[in-house]
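Student: Chain A is already provided as a structure; the job is to place chain B on it using the hints.
Protein chains: 2
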Amino acid sequence: MEQRRQKALEFLRNNHENLLLKLEEFIRIPSISTEPQHHSDVRKAAEWLADHLKALDMEAVEIFPTQGAPLVFGASRSGDSDAPTLLIYGHYDVQPVDPLEEWEGDPFEPRRQSNLLYARGASDMKGQIMAALNALQAVQSAEGSPIRCKFLFEGEEEVGSPNLYPFIQTHRELLACDLCLNPDTGMLGPELPTITYGLRGLAYFELRLRGPSQDLHSGSFGGVVHNPAQVLCELIADLHDQDGRVTIPGFYDPVLDLSPEERQELARLPVDEAFYQKNAGVKKLWGEPEFTPLERVSARPTLEVNGLLSGFIGEGSKTVLPAAAMAKISCRLVADQKPEEVKQQLERYLRKHLPETVSWELKSLASAPPVLSPRDSRGVRALSTALEAIWGKRPLFRREGGTVPIGAYLQELLGIESVQTGFALPDDNAHSPNEKLNLQTWSRGIEALVHFIYNLSEGGS
Amino acid sequence: MEQRRQKALEFLRNNHENLLLKLEEFIRIPSISTEPQHHSDVRKAAEWLADHLKALDMEAVEIFPTQGAPLVFGASRSGDSDAPTLLIYGHYDVQPVDPLEEWEGDPFEPRRQSNLLYARGASDMKGQIMAALNALQAVQSAEGSPIRCKFLFEGEEEVGSPNLYPFIQTHRELLACDLCLNPDTGMLGPELPTITYGLRGLAYFELRLRGPSQDLHSGSFGGVVHNPAQVLCELIADLHDQDGRVTIPGFYDPVLDLSPEERQELARLPVDEAFYQKNAGVKKLWGEPEFTPLERVSARPTLEVNGLLSGFIGEGSKTVLPAAAMAKISCRLVADQKPEEVKQQLERYLRKHLPETVSWELKSLASAPPVLSPRDSRGVRALSTALEAIWGKRPLFRREGGTVPIGAYLQELLGIESVQTGFALPDDNAHSPNEKLNLQTWSRGIEALVHFIYNLSEGGS
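Same order as they appear, the protein sequences are chains A and B.
If you're matching positions, the first sequence starts at 4 in this note's numbering and goes up one per residue.
If you're matching positions, the second sequence starts at 4 in this note's numbering and goes up one per residue.
The following block holds chain A by itself, in its conformation from the complex:
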């Protein structure tokens, strides 16, 4: 196997320019999913990917239409016997380019500048998709891939992946695998390879309170009617205690404790109080005092008000006593919380705490379970060893505060463990003008993925 490994790495060294030209070809398709005028480009990118998969001698390649952008699926030929099947996820859609005037060149004409490749999608995440495909191509060139790789590429990640869940639900056999790799979470610095082993889940609600039958004159009724905007504020105020803990009974019951060892691991990450203060633009942080900022945003659940609306919000003064008040409220969840349980807890809370002066309605708008992979699983060990082989140091292990639909869906629907990594850097301008890809990091990433594939085939390192 060591020979095949070296041969695959040699393939990469010999084909660097060709692989880069291929990435540039992919990048030139302006597959902006949020903009209707680019929907044909989104389809074009799907077709380009399918063609590329076919060129990689796949066993099966298929484009699945959806109500939105198509999903592209590919499966390589079976690997060695007993070797696991790896599902690699990616999204081929990209962010819009505005403000265009801030770009130093055409966003869809890749521009190399020393070690950097500037273009929309170069980092997020066409570069990451091609890194995975290049790794497969490399191992294929060395007497065939030792494991079976499946690929699932969507074109709607930047618009919330509306068709991903139903697709996975109805294609369980097609997607059957032992492990999922999502190379969309990046690394914390060019010398800081990173594995994301946890993702927070989401339970997003809209709460509407109704008081009087219509907006009232605050002069004629102020003093006898319980103002629903006030009731909403009273409710929201009570949802946290003084220390920033959520007060909903049972909310923390399923939350897994952080072990001293995991806290130590997380403490290695180069994100301290000052980091969050600077990036949020706040004078002072907030939250549960017994946890570090990083722990609070990644390993602790939260409840946030995402929106508030009631009464008169225009210019000037209108003396209305509003008939209704609305709040968007969402919880970030951590293992082992379940969105459905949190909804029931919140409903119980509302039934108990809302006064009879108002009626209310709670709608669930989005939900995803949290993801937490054991840091000593076969997949994580294989990836960790692979990254260490290239960077010469143990990767950082982090939990991500956000929610990545694919990880949550695969865990929920297929019971599949998901590991996240990637070779994008924090300053790649992923959603901003002048997005760029560090080509050195990218090349090292491809080599690491080659190691990952062989490590997996060997049953972990």
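Take the hints with a grain of salt, since some may be wrong.
If chains are identical, the list can't say which one is meant, so a pair holds when it fits in one copy or spans any two.
[Stated by the list, open to error] Below, simulated DSSO-like cross-link-like pairs (lysine-lysine); rule was C-alpha separation at most 27 Å, straight line:
#: 1; residue 1: Lys287; residue 2: Lys355
#: 2; residue 1: Lys287; residue 2: Lys57
#: 3; residue 1: Lys287; residue 2: Lys47
#: 4; residue 1: Lys10; residue 2: Lys341
#: 5; residue 1: Lys321; residue 2: Lys287
#: 6; residue 1: Lys57; residue 2: Lys366
#: 7; residue 1: Lys281; residue 2: Lys47
#: 8; residue 1: Lys341; residue 2: Lys281
#: 9; residue 1: Lys346; residue 2: Lys10
These are computed hints drawn from the structure, not numbers from a lab.
Tutor: Only chain B this time, still in chain A's reference frame:
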């Protein structure tokens, strides 16, 4: 004087039809102040009024242009020596007519039906203006008016009287008087003549809180950033105690107690718990338990949230941790509270209670002091006796929960007492389709105003 009184009343009986035709002429001008396409009609109504004042043999009539609709001023010749000067206020603009399809005829073509006159503005308040002018005409016909009457008519009451305060401020001498009568507050039923001796004041604020420098991703920052929407809710929740009392220190200090005698007087009004419940469309009332609903909306100050806005309020779910949150908050004030003092109290409260995780800004958007006339003043006694002479019973004395700019402004700028009455009825559809005026009540009202003028000239009854 009794002879003159009878002669004036006789004038009214003999000229009923002519006076009514004049009112209809006035009504036909569609002076809708909220609609730009009617602004020329608003000016036309001002000119019609000025012409009518001139026909009444005034000493001075003038139209004062403003940035909006003009103000019309008139002053009758001096009355008997030592007799007081009465300033009568009115607004010649009317509400819009939508929904037009619900009208049973042209809103600006007055339609008589038995005892009712249907038209926009008939009740609110062209009918009331003409009642006052007819009363003057009647006393003039009886050897001249015993008192001097001044008139101030504005054309922007329905859009918040934006030019009234500066006009009064710069025309103190012109408006100098002993008493103001505002016939815009109506009566509680056709057999329930009503004097409104108190109006609540207003202090209207916009509060903006700022937290992070921009909207944040609730996944990446939820748990370390104090959400300004939550801070706003916590603040608002604390502004009332369990019993619905405002918690701002000092807020109630200047509030005059209700005497047992005044409470008894207010208890005569036909507005009970069921009245407020039905009109507000609520299952249950709310507010300070030691006061009746009527006392709470008229003789007690309140604090209301008029509007809330923060973060994402569109359809669906957006996981934003908002950078800012805004509330419109207003207080209804009662004597002897002062808007400026309330602003200072609120500012002190905010300085003390808002955490250092947010910055804030408080803007004052509108303010008016409360109005409270003694129920035994010369003006109130003259009016009470006048109403009793016609209706054969003591009028009801009420305090109004709303704010009437003219009353507040005259008290603040000229130190002038204001008494409010009028002959509009609660079911006149003042701001709705098929507005109507009860012509019997109107005629009785004009007679009552004749008595009022003579009573005033006699130094009260």
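Student: Next step is simple, just say for each hint if it's right about the structure.
Tutor: Verification of the hints:
1. Lys287 to Lys355: between (34 Å within a copy, 17 Å between copies)
2. Lys287 to Lys57: neither (53 Å within a copy, 69 Å between copies)
3. Lys287 to Lys47: Neither. Shortest intra-copy (47 Å) and inter-copy (60 Å) distances fail the 27 Å Cα cut-off.
4. Lys10 to Lys341: neither (46 Å within a copy, 86 Å between copies)
5. Lys321 to Lys287: For Lys321 and Lys287, only the inter-copy Cα distance (25 Å) is at most 27 Å; the intra-copy one is 35 Å.
6. Lys57 to Lys366: neither (44 Å within a copy, 64 Å between copies)
7. Lys281 to Lys47: neither (40 Å within a copy, 61 Å between copies)
8. Lys341 to Lys281: The answer is neither: 32 Å in one copy and 43 Å across copies each exceed 27 Å.
9. Lys346 to Lys10: neither (53 Å within a copy, 78 Å between copies)
In summary, the numbered hints that this structure violates are 2, 3, 4, 6, 7, 8, 9.
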